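Mind docking chains C, W and L on chain U? Use the hints.
4 protein chains.
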Amino acid sequence: MAGNSYGTLFRLTTFGESHGKGIGGIIDGCPAELKIDFEAIQKDLDRRKPGQSAIVTQRKESDEVQFLSGIFEGKTTGTPIAFLIANLDQKSQDYSHIEAAYRPSHADYTYDQKYGFRDHRGGGRSSARETAARVVAGALAKQLLKGISVQAYVSSVGNLKLNIPYQQLDLASAEDNIVRCPDAAMAKKMEAYIKDIRKKGDTVGGVVSCVIKNVPVGLGEPVFDKLHAELGKAMLSINAVKGFEYGSGFEGAAMKGSEHNDLFETGGRTKTNHSGGVQGGISNGMDIYFNVAFKPVATLIQNQETIDKDGNMTTIMGKGRHDPCVVPRAVPIVEAMAALVLTDFYLRNKTSKLY
Amino acid sequence: MAGNSYGTLFRLTTFGESHGKGIGGIIDGCPAELKIDFEAIQKDLDRRKPGQSAIVTQRKESDEVQFLSGIFEGKTTGTPIAFLIANLDQKSQDYSHIEAAYRPSHADYTYDQKYGFRDHRGGGRSSARETAARVVAGALAKQLLKGISVQAYVSSVGNLKLNIPYQQLDLASAEDNIVRCPDAAMAKKMEAYIKDIRKKGDTVGGVVSCVIKNVPVGLGEPVFDKLHAELGKAMLSINAVKGFEYGSGFEGAAMKGSEHNDLFETGGRTKTNHSGGVQGGISNGMDIYFNVAFKPVATLIQNQETIDKDGNMTTIMGKGRHDPCVVPRAVPIVEAMAALVLTDFYLRNKTSKLY
Amino acid sequence: MAGNSYGTLFRLTTFGESHGKGIGGIIDGCPAELKIDFEAIQKDLDRRKPGQSAIVTQRKESDEVQFLSGIFEGKTTGTPIAFLIANLDQKSQDYSHIEAAYRPSHADYTYDQKYGFRDHRGGGRSSARETAARVVAGALAKQLLKGISVQAYVSSVGNLKLNIPYQQLDLASAEDNIVRCPDAAMAKKMEAYIKDIRKKGDTVGGVVSCVIKNVPVGLGEPVFDKLHAELGKAMLSINAVKGFEYGSGFEGAAMKGSEHNDLFETGGRTKTNHSGGVQGGISNGMDIYFNVAFKPVATLIQNQETIDKDGNMTTIMGKGRHDPCVVPRAVPIVEAMAALVLTDFYLRNKTSKLY
Amino acid sequence: MAGNSYGTLFRLTTFGESHGKGIGGIIDGCPAELKIDFEAIQKDLDRRKPGQSAIVTQRKESDEVQFLSGIFEGKTTGTPIAFLIANLDQKSQDYSHIEAAYRPSHADYTYDQKYGFRDHRGGGRSSARETAARVVAGALAKQLLKGISVQAYVSSVGNLKLNIPYQQLDLASAEDNIVRCPDAAMAKKMEAYIKDIRKKGDTVGGVVSCVIKNVPVGLGEPVFDKLHAELGKAMLSINAVKGFEYGSGFEGAAMKGSEHNDLFETGGRTKTNHSGGVQGGISNGMDIYFNVAFKPVATLIQNQETIDKDGNMTTIMGKGRHDPCVVPRAVPIVEAMAALVLTDFYLRNKTSKLY
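Residue numbers (our numbering), protein chains in the order written: chain U, 5 to 359; chain C, 5 to 359; chain W, 5 to 359; chain L, 5 to 359.
I should point out that these hints are in silico values taken from the structure, not numbers from a laboratory. Quick caveat, the model's predicted, so the values are computed rather than measured. One or more hints might be untrue.
[As the list claims (entries may be wrong)] In silico DMTMM-like pairs for lysine to aspartate or glutamate, Cα to Cα no more than 20 Å straight-line:
1. W:25 / C:68
2. W:357 / U:77
3. C:25 / C:43
4. C:357 / L:255
5. U:354 / U:37
6. C:354 / L:37
7. C:204 / U:65
8. C:357 / L:314
9. U:323 / U:200
10. L:165 / L:255
11. L:275 / W:314
12. W:203 / L:255
13. C:47 / C:65
14. L:275 / L:255
15. U:354 / W:37
16. W:47 / W:68
17. U:357 / W:68
18. W:357 / U:206
19. C:165 / U:255
20. L:354 / L:37
21. C:275 / U:180
22. L:25 / L:93
23. L:165 / L:195
24. W:275 / L:43
25. U:199 / U:180
26. L:193 / L:206
27. L:354 / W:314
28. U:260 / C:200
29. C:165 / C:255
30. C:193 / C:206
31. L:323 / L:103
32. W:25 / C:77
33. U:79 / L:116
34. U:204 / C:263
35. U:323 / U:41
36. U:47 / U:65
37. L:25 / L:65
38. W:313 / L:269
39. C:313 / C:116
If we strip away everything but chain U, and leave its shape as in the complex, we get:
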């Protein structure tokens, strides 16, 4: 119960530190006889990979995943699926400056206080490198969710906001640019802005939006494990996330019931979808859509005042490879966590009726 597992029936447990031997995980509860598309998994990893473009961290990791168990003759056997991604490009010496100092708005201080001890190299377990394991499991989960599409994209970077409803966007086109914004003009602006921010040694936050289509009706469990509550937890568990809203979200809080209610059409679909595809915590078959807010990366290439282990003031030098803005690389992570949530609820829902 130390928090490194996600899911109840389709359950991922991850391990690994930024500068240890590698990262990986075990998926327990994957049904048998799923034919695995290994290329699709590697492709999602590549979307998350460092060094993939000029606007992300330049750490060089091939991030090739190796499966260790649970798959036989290309198909899952129903037994645990273990996988490993080796760490190759560890410049651990880059981190000697933080062995005794706490980086502002990082987890250095809290880990040290909680455990009395930490692996300081690259943030250790608190590094976002851990999310590569999520992408592996999520990419596998996507394959189980036959017919359901999970598509995330960057909808804002700093104050640059894409104010176009997702229905009017070609979401697939998000992959056509390095920002992963499905609006070419806005993507250009965002790219330029991120490059500028990087030059200044600064960072910037952003928002990733996600749309899930063709979800069957009935996923989600009353009352604590509502579909959107688990989606929220899953997203908030990603490094740097500060907020989650689905459907009408925070704007919905300003609306009236007579505006907000989604009236039914014959058959069960609704005319509007302020509900975001979820009613009473259970999917209703309409699109699920949500926004995830990411704070600016805390690592700056600037000197910052901070404290050391003894609580005394010191100065920390800006060093280490890092992302000027996480959202382009966060897109496949958001998708992965969404896929994990849906897969788990898909399996859980198999037991809601008797036969």
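Using the frame of chain U, we list chains C, W and L on its own:
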């Protein structure tokens, strides 16, 4: 794993429908020797109770909680604490009109699809009446969290927004008015607005904000069970919630790292608190603060077009007692869920170090 | 995680003390649309009830179960099923003598040490009265296990052992006598022996055997949650149980592989069944059978030397109503726990294959 | 929830098949700052290792464990500890004969029925090779249980039974012979018997006994997670186990209460220990002792009639390297599972009292 439990070590399981015999729950994992202040629990229930003021539902429920086990001579024994709140004022006949029709933006349709069957009276299990059990458990959890204060309040109703940082408010004064807004002038406006909305048979959404002070450093578990991820799930599991943000939240996504980073002061406190008291998913000792967005109540005193069980169009009459705006009654629910999250992490953290 | 829940998908959480307001529980995860036979549940409770015959405790409890939620129009709704059995005949004053003294081989000492505090009346939570809640949930589970029969019986009392293979017994006839032994002659002897033991103020142990027929192939999960491992835990969790063996059991440990192996017949059945219906932790469709050893009840109507709270020697008087031998009343409890285990694995198995 | 995890707070999840790339696991929930003795872990692995003596399987595996995460500068960091043992000596072709046939009393048939598919090589996931991962985790757990000793030994092989109370044995001497029986004379007889059985291509069962000393009072949780119930589950989850008894066990079922009760001595110790160190599911500070029955290994070097995938009769040749008797190698596995159970309850017990 059907979703009616919350928490890992301090674990609440709830039961009950709006128009059944009652609602209640079992708390398992409460440490022994906690002296219970029963009045404080009832007081929190009264803050959530229907009929408490002119701007909430007029269902008459005394909502008196009866403890059935786990407490001996006024103290917890370490064994399960069961409790029951009887349902008294059930006008089930008020709901005969929805036996065959699905109310828009309610859970009628999704429950029926998921289970093939539902208790339609008052929404059954999907009714927010279920949250009374959370308030009981949360009020008890507050007593365990000695020294930690959990204070929620209404920060917006519709477009009426209290744009004052919580540090400049007297949060305790929220209880001085029926809206539970800690700014008397704004509370007046909100109250008038809710009354107006009610007259029109309409409803409106709002935002509840919450501030938690004096949290010890170290609560929260990497990597999936981050403190704010559990807070997010807990809040999103409350009926009608559409969004959650903590610390800088969605605004933080527009900021630069150089603005957003919280620089340390000697000793471990930080000068700013965009982190919202959480770094790397673990509390850092600063105030935890967050916002929870509630959609407008879906029950209107207006006729609405909808569908029946067979998917055909029908008209549903506006009937049934309901809240024009949930946020005043949601305040103690938000506090309760926050207290449950913190208590669970407090117990979990007892095992992070060896001795 | 304080240990008062059993099952992963079909999950029972119980509460209650011997001399509190009552005992009961919540079943979460029961699929919807199960038609409940309330009489069958009460009948199992009556088989466990105190005062049912001359050889059991004379505490008078009607043990009528009241369902509080989760059932609508006689069918389960998929939401939590709460139930309550009131405590009526509490002679708590009978226990004043143990407020400060620890009864030998009872849980008085360990509860006090663990929790620093205990409800001493009738053993509080450690009383076997708690098992009535298991019987309710188990009786409901039996109804879900359509076609599967779960039949337990008394196979030994003290040194009186029924050395007849279950295949040669009419198991249903166990209910024809108050001992619940399916051999009339042996039942008579056992009854006489128990009466004699009672007269002497003494108690005696015994063995309950159980046979489960018509189990589908495939129940049980590798590697820790093997079917027989969960059965073992379930049985060992019943008060006073000291041992569990299934199939060939302890005798199997003395056998050779060439004797012990169960050879297949065309179709998948086996010629012998030393495996006890389980291979590799998964049911193989053959009968599951096992033995459960119960120690003699620790409450004697004799004076015993013991210690008080301060660790000093004192004498405890034999008092309180109790069973001279628990096995006749343990029969429905063993069945209930077996039914809970099977139901949980039945639901879990729904997700072992993809579709 | 597919069953490959054990423990609630100190939680081991294992993976791997007999003839895949390797086996291993993740330990989540190990407290920080535990100094790891890697040699002690390897030593326990060596005690379980194939090829260690003339009476065990001759598969050649060095079984060297590699730790991948969670340990920094020789100490645990509180984050997940992943480890891997490579499979080296895989003679998978030895198993081509069982691709289409089911070995009697193996898990071939049940896995195929459950999953529709299996990795047949060496039994795949159902192979006892999986237990090496348990030994790693258990050896680490032993280091956390400072002062508590966990010592198992062989007490019977076939009909050769060591009828000497453990108190009269020098348990450490069990490691002086290849049978692991702490009585030199009996060990000799057992060794000779096993060698004889092997020559005949047959196998034989046996019993492993275990004694745990210096357990603190208070471990174990009412009511389902009793200490001995978890010990029972843990033991029964080991391959080939058919029975578990603790304290007086099955013999206790034949005793009278006046004989069986353990009378207290001043201070809380008891004069006798039929309770086996557990009262009401909670440790009382006395020695915990129990017996675990292992069936004879199902792989014979004899031809056996069996069925193929289509349910038709066929003959299976005796092939493959295997143990003539598992108990000598089971000794460290029993210890490992006992250590995992105790460690988990040790951590769980940290939350039974408030402060």
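Outcome of the hint check:
no. : hint          : in the structure
1   : W:25 / C:68   : holds (16 Å)
2   : W:357 / U:77  : holds (16 Å)
3   : C:25 / C:43   : violated (24 Å)
4   : C:357 / L:255 : violated (42 Å)
5   : U:354 / U:37  : holds (17 Å)
6   : C:354 / L:37  : holds (14 Å)
7   : C:204 / U:65  : violated (61 Å)
8   : C:357 / L:314 : violated (55 Å)
9   : U:323 / U:200 : holds (18 Å)
10  : L:165 / L:255 : holds (16 Å)
11  : L:275 / W:314 : holds (18 Å)
12  : W:203 / L:255 : violated (23 Å)
13  : C:47 / C:65   : holds (14 Å)
14  : L:275 / L:255 : holds (19 Å)
15  : U:354 / W:37  : holds (14 Å)
16  : W:47 / W:68   : holds (10 Å)
17  : U:357 / W:68  : violated (28 Å)
18  : W:357 / U:206 : violated (50 Å)
19  : C:165 / U:255 : holds (12 Å)
20  : L:354 / L:37  : holds (17 Å)
21  : C:275 / U:180 : violated (41 Å)
22  : L:25 / L:93   : holds (11 Å)
23  : L:165 / L:195 : holds (13 Å)
24  : W:275 / L:43  : violated (47 Å)
25  : U:199 / U:180 : holds (18 Å)
26  : L:193 / L:206 : holds (17 Å)
27  : L:354 / W:314 : violated (23 Å)
28  : U:260 / C:200 : holds (12 Å)
29  : C:165 / C:255 : holds (16 Å)
30  : C:193 / C:206 : holds (17 Å)
31  : L:323 / L:103 : holds (13 Å)
32  : W:25 / C:77   : holds (13 Å)
33  : U:79 / L:116  : holds (14 Å)
34  : U:204 / C:263 : holds (13 Å)
35  : U:323 / U:41  : violated (38 Å)
36  : U:47 / U:65   : holds (14 Å)
37  : L:25 / L:65   : holds (13 Å)
38  : W:313 / L:269 : holds (12 Å)
39  : C:313 / C:116 : holds (9 Å)
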